[in-house]
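There are 2 protein chains.
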Amino acid sequence: MLTTWRDGAAKKAITEFVEQAAEVPADERVAAFDNDGTLWCEKPAPIQLDFILRRLVAVADESPELRSRQPWKAAYENDLAWFEAVVAAHYAGDDTQLPALAAGILEAYSGVGVEDFEAQANEFLTTTQHPTLRRPYVQCAYAPMVELLAYLRDNGFTTYIASGGGRDFMRPISQAVYGVPREQVIGSTATLSYEDDEHGGTIRHQPVLDYLDDGPEKPIRIWSRTGRRPLLAAGNANGDVPMLRFTHHTGKPTLRLLVLHDDPDREFAYTTGAEQALDQAHRDGWTVISIRDDWHTVF
Amino acid sequence: MLTTWRDGAAKKAITEFVEQAAEVPADERVAAFDNDGTLWCEKPAPIQLDFILRRLVAVADESPELRSRQPWKAAYENDLAWFEAVVAAHYAGDDTQLPALAAGILEAYSGVGVEDFEAQANEFLTTTQHPTLRRPYVQCAYAPMVELLAYLRDNGFTTYIASGGGRDFMRPISQAVYGVPREQVIGSTATLSYEDDEHGGTIRHQPVLDYLDDGPEKPIRIWSRTGRRPLLAAGNANGDVPMLRFTHHTGKPTLRLLVLHDDPDREFAYTTGAEQALDQAHRDGWTVISIRDDWHTVF
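The listed protein sequences derive, respectively, from chains H and A.
Numbering of the first sequence is given in the numbering used here, commencing with residue 7 and proceeding in unit increments.
Numbering of the second sequence is given in the numbering used here, commencing with residue 7 and proceeding in unit increments.
Okay, chain H solo, but in the shape it has when bound (with noise of 0.2 Å):
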């Protein structure tokens, strides 16, 4: 049980908390996990983001046009330092260049069928190799996190996987990673059309957000999809801070975990983007999680 984490604060909350919940109701037992940073790897850089450059390449490749104009630019010459600048200023508040990316993304899926692109997700995270660690994407899951999903699952828990990342780029890898099955994960989205025809129509990405599941967003995405307030949620990021929030009830167990990235030698170190949330974990008694000493393991 949890063999991948050292005996310690975080193991210790966890197993004391999945005891209590075992008074609640089977059917309240919601957990919901961040994905990026939180249950796999972001970093050098987000892996869906190494998906999405390469289809801007493809695009400036047909259209030699757009090799002047960003989005396409920074990707067909590789410039990630663009890519990172422009998340950069969105979360210091400057949005002039954030548009033009959006855009640049959603058109470079237009008109794609969901079931086009889940198999292009699939192939790109079953295929890929992660540019430092050495591995396929789908081998970059955390190996703790992992087996903490299916411990909750084993007591009675539903594990949710409540994304920034794309919903449909994560569902044809959801249940053999994670053992969370595709109407459990919850993410961002293209708006959809739907399209009749007779072998059963299409459903299109259109070049429309439809919804970030990111921040506030989050909490309204959990409820949509589950109807449920969670007992127990999962981030490592600002961007999680309301859906750890949320995770609040009177009367009942909740556990919030805060997955903090201080492995230089197996993982990562940072805390670039999760200084809010490490502030709030402090104030609001969270469960912060150390890879370097919670885990074994990492993957």
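In short, the hints are calculated from the structure, not lab data.
Keep in mind that the hints are not guaranteed to be accurate.
Partial chain A-side listing against chain H, Cβ under 10 Å, derived [stated by the list, open to error]:
(1) R188
(2) V191
(3) Y200
(4) D202
(5) D216
(6) P222
(7) T232
(8) N244
(9) P248
(10) F252
(11) H254
(12) G257
(13) T260
Glycine included, C-beta positions come from ideal geometry on N, C-alpha and C.
Since the structure of chain H is already known, use the hints to place chain A on it.
Chain A alone, transformed into the frame defined by chain H:
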């Protein structure tokens, strides 16, 4: 097994389909049901309309100036014909009045927390009598459809409610009435907001429609929630046609069910709003369920 169903083509089609579906992996056995007119009675008016009218009357009670404006005027004067005319005009392509009706309904719940809203819906559905059937609304579900839902689940299906009605309106009673857990209820919803506080915060209705789960939106919402194309879908109206058309697989069994309201003695007899669906059922070979002929009992 299906004791409330009379022997006949519909019952035969169902049992044969379920037998064939045993060959399909259990996690692909997804069944989607419309609610109003498919799982419970929608005449003389949809059950949720009664709930909305009472709320509009309460608003008009507090704000006399609204009593001369639609939709509060019609609600206050119990002028059901106005509501019927707006909906009929909508289906005839005339949306002159629909925005006022939609705005009135959305305004009526603006700012209400989702947990409060559910408590109000639950109270209404469990305590209000159907105007002609003389039984509480929660007892207006069709017994043969409730038995069908259970029969499907006994055979490894997951049963979803994909209704044009309000998701959060149905959720509080879906388990007790249909055996369908709240996370398997798909329906229409207003846009929601999340407001943080020291007690887990509140998700509130905003006066803007998020989506109306009807027509081509039904396949989109089923996909978004389940990540799957159903093996079985059941409906009764034109708005269910895309969901039934979407229920199509090559090399796997499928079943498309259309409930025909042809029993004026035990329920109601009407085809208004189902003309296109009945026509499509004939062309696509869907299974039409005659309430008069196929069901031993209705409620």
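Hint-by-hint comparison with the structure:
| no. | hint | verdict |
| --- | --- | --- |
| 1 | R188 | holds (4 Å) |
| 2 | V191 | holds (7 Å) |
| 3 | Y200 | holds (4 Å) |
| 4 | D202 | holds (6 Å) |
| 5 | D216 | holds (8 Å) |
| 6 | P222 | holds (4 Å) |
| 7 | T232 | holds (5 Å) |
| 8 | N244 | violated (13 Å) |
| 9 | P248 | holds (6 Å) |
| 10 | F252 | holds (6 Å) |
| 11 | H254 | holds (3 Å) |
| 12 | G257 | violated (12 Å) |
| 13 | T260 | holds (9 Å) |
Checked against the numbered hints above, the structure violates hints 8 and 12; every other hint is satisfied.
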